[in-house]
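> Okay, here's what each chain looks like letter by letter:
Protein chains: 2
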Amino acid sequence: MNYEFLINPREIEQKSFAIIESLTGLGNTPEDQVIKRAIHASGDPEIRKDFRFHPAAIDRGLAALKNKNLIITDVEMVRAGITGYAGEVACAIREEAVKRKALENKVTRAYQAMMELKERMDGAVIAIGNAPTALLAVIELIKTGVEPALVVGVPVGFVGAKESKELLLNCDVPYITLLGTKGGSTIAAAIVNALIKLSRTGGK
Amino acid sequence: MNYEFLINPREIEQKSFAIIESLTGLGNTPEDQVIKRAIHASGDPEIRKDFRFHPAAIDRGLAALKNKNLIITDVEMVRAGITGYAGEVACAIREEAVKRKALENKVTRAYQAMMELKERMDGAVIAIGNAPTALLAVIELIKTGVEPALVVGVPVGFVGAKESKELLLNCDVPYITLLGTKGGSTIAAAIVNALIKLSRTGGK
Chain A
1 MNYEFLINPR EIEQKSFAII ESLTGLGNTP EDQVIKRAIH ASGDPEIRKD
51 FRFHPAAIDR GLAALKNKNL IITDVEMVRA GITGYAGEVA CAIREEAVKR
101 KALENKVTRA YQAMMELKER MDGAVIAIGN APTALLAVIE LIKTGVEPAL
151 VVGVPVGFVG AKESKELLLN CDVPYITLLG TKGGSTIAAA IVNALIKLSR
201 TGGK
Chain B
1 MNYEFLINPR EIEQKSFAII ESLTGLGNTP EDQVIKRAIH ASGDPEIRKD
51 FRFHPAAIDR GLAALKNKNL IITDVEMVRA GITGYAGEVA CAIREEAVKR
101 KALENKVTRA YQAMMELKER MDGAVIAIGN APTALLAVIE LIKTGVEPAL
151 VVGVPVGFVG AKESKELLLN CDVPYITLLG TKGGSTIAAA IVNALIKLSR
201 TGGK
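Chains as they are written, first to last, in the UniProt record's numbering: chain A, 1 to 204; chain B, 1 to 204.
Careful, some of the hints might be misleading.
Identical chains blur together in the list; that is why a pair holds if it fits in one copy or across any two.
Claimed, not checked - Simulated pairs of lysine-lysine, DSS-like, Cα-Cα distance not exceeding 30 angstroms: (1) Lys66 / Lys99; (2) Lys49 / Lys66; (3) Lys68 / Lys99; (4) Lys49 / Lys15; (5) Lys15 / Lys99.
Keep in mind the hints are simulated off the structure, nothing from the lab.
Being a predicted model, the structure only gives us computed values, none of them experimental.
Let the hints inform the model, and build the full structure from the sequences given.
This is the structure:
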């Protein structure tokens with residue numbers, strides 16, 4: 001077996017990004033770096049065309065992360081995928097109170113988990129990789145005056161994901177999204193990790 | 001906002017699977033159910049054509065899961081995504097010993113993490129969603145006589161992922177894989193969760 005590419009993890013990553021750049025023509029703007037990391041994490045260069053960034057997304061996101069503001073995720077997978085963050089990453093979906101209230105209120109657990117954290121959302125970076133209903137909860141909270149720094153809204157699937165992302169585009173909040181049915185925890189975590197890295201290097 | 005699809009999480013899932021079936025023509029064989037759950041988790045119906053199942057994959061996998069055998073994952077994200085399993089799910093990548101030995105041996109942490117668990121691999125279900133080098137480690141261990149029940153090998157990316165999956169096809173072990181660059185933790189967890197569900201219902 002050829003061990004060559006086992007030797008240097010950093011080299012594997014550099015080679016991978018070089019291939020992604022040659023496949024997509026993406027460069028080194030902060031937006032392009034975010035997209036490249038999402039492609040790196042999904043193996044899917046086609047997602048490039050469906051990324052949308054609010055004009056203030058990068059600035060507001062990097063400022064919040066540099067300041068170690070709270071990151072809120074919809075599911076534990078996204079939380080587990082966020083690496084090397086000096087601040088707190090919170091996820092309420094497995095809390096007993098959330099399970100109970102979701103049943104009582106006849107909503108999804110993901111929806112209830114977001115509602116549960118609404119008092120902590122101002123200034124936070126919210127990362128939604130799984131549940132369209134979590135993104136709908138956040139959009140609803142924003143309409144009532146909650147002010148996250150950034151919403152990374154990339155829920156996945158065939159029921160509600162596309163629609164919830166279109167609502168996000170029309171919401172008064174800095175956002176990063178990937179239109180259509182694609183998304184997922186891996187992509188959500190990759191976007192946040194790219195921003196964490198950029199926040200350390202001052203957006204370079 | 002239309003809350004209709006917030007009301008019943010089970011209904012969201014049923015609707016989603018109905019859409020996937022109409023898009024892909026997939027049915028209800030165990031293999032099709034695994035693929036449908038991976039599409040559900042990625043929002044990407046195109047992955048269908050690149051799935052490959054070893055003829056014994058379903059039987060061996062379901063038997064191991066029914067028996068609550070160990071599940072081993074390459075990264076914490078895959079572990080976090082596996083839900084409702086009555087047995088143990090292990091991942092060594094964040095262990096201090098693994099970090100140290102990876103540096104000493106000049107291999108990736110993912111490779112070292114698999115080597116670390118080799119004594120526990122016989123009869124285990126191994127799920128690799130991230131690192132091609134983790135899959136190479138497992139293939140190497142199998143050649144030395146280690147006998148997992150099933151290898152779910154869906155590492156992602158542009159350097160080594162495709163190659164590692166082709167090696168898996170030629171390896172004497174029951175496997176489930178997704179050829180090419182696509183894969184990821186979300187898909188790995190979805191495959192395992194589909195098998196866990198099938199193991200409870202006797203493959204129906």
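> Compare the structure with each hint and give your call.
Now for the hints, and whether the structure bears them out:
no. : hint          : in the structure
1   : Lys66 / Lys99 : between (33 angstroms within a copy, 27 angstroms between copies)
2   : Lys49 / Lys66 : within (28 angstroms within a copy, 43 angstroms between copies)
3   : Lys68 / Lys99 : both (29 angstroms within a copy, 26 angstroms between copies)
4   : Lys49 / Lys15 : both (22 angstroms within a copy, 27 angstroms between copies)
5   : Lys15 / Lys99 : between (44 angstroms within a copy, 22 angstroms between copies)
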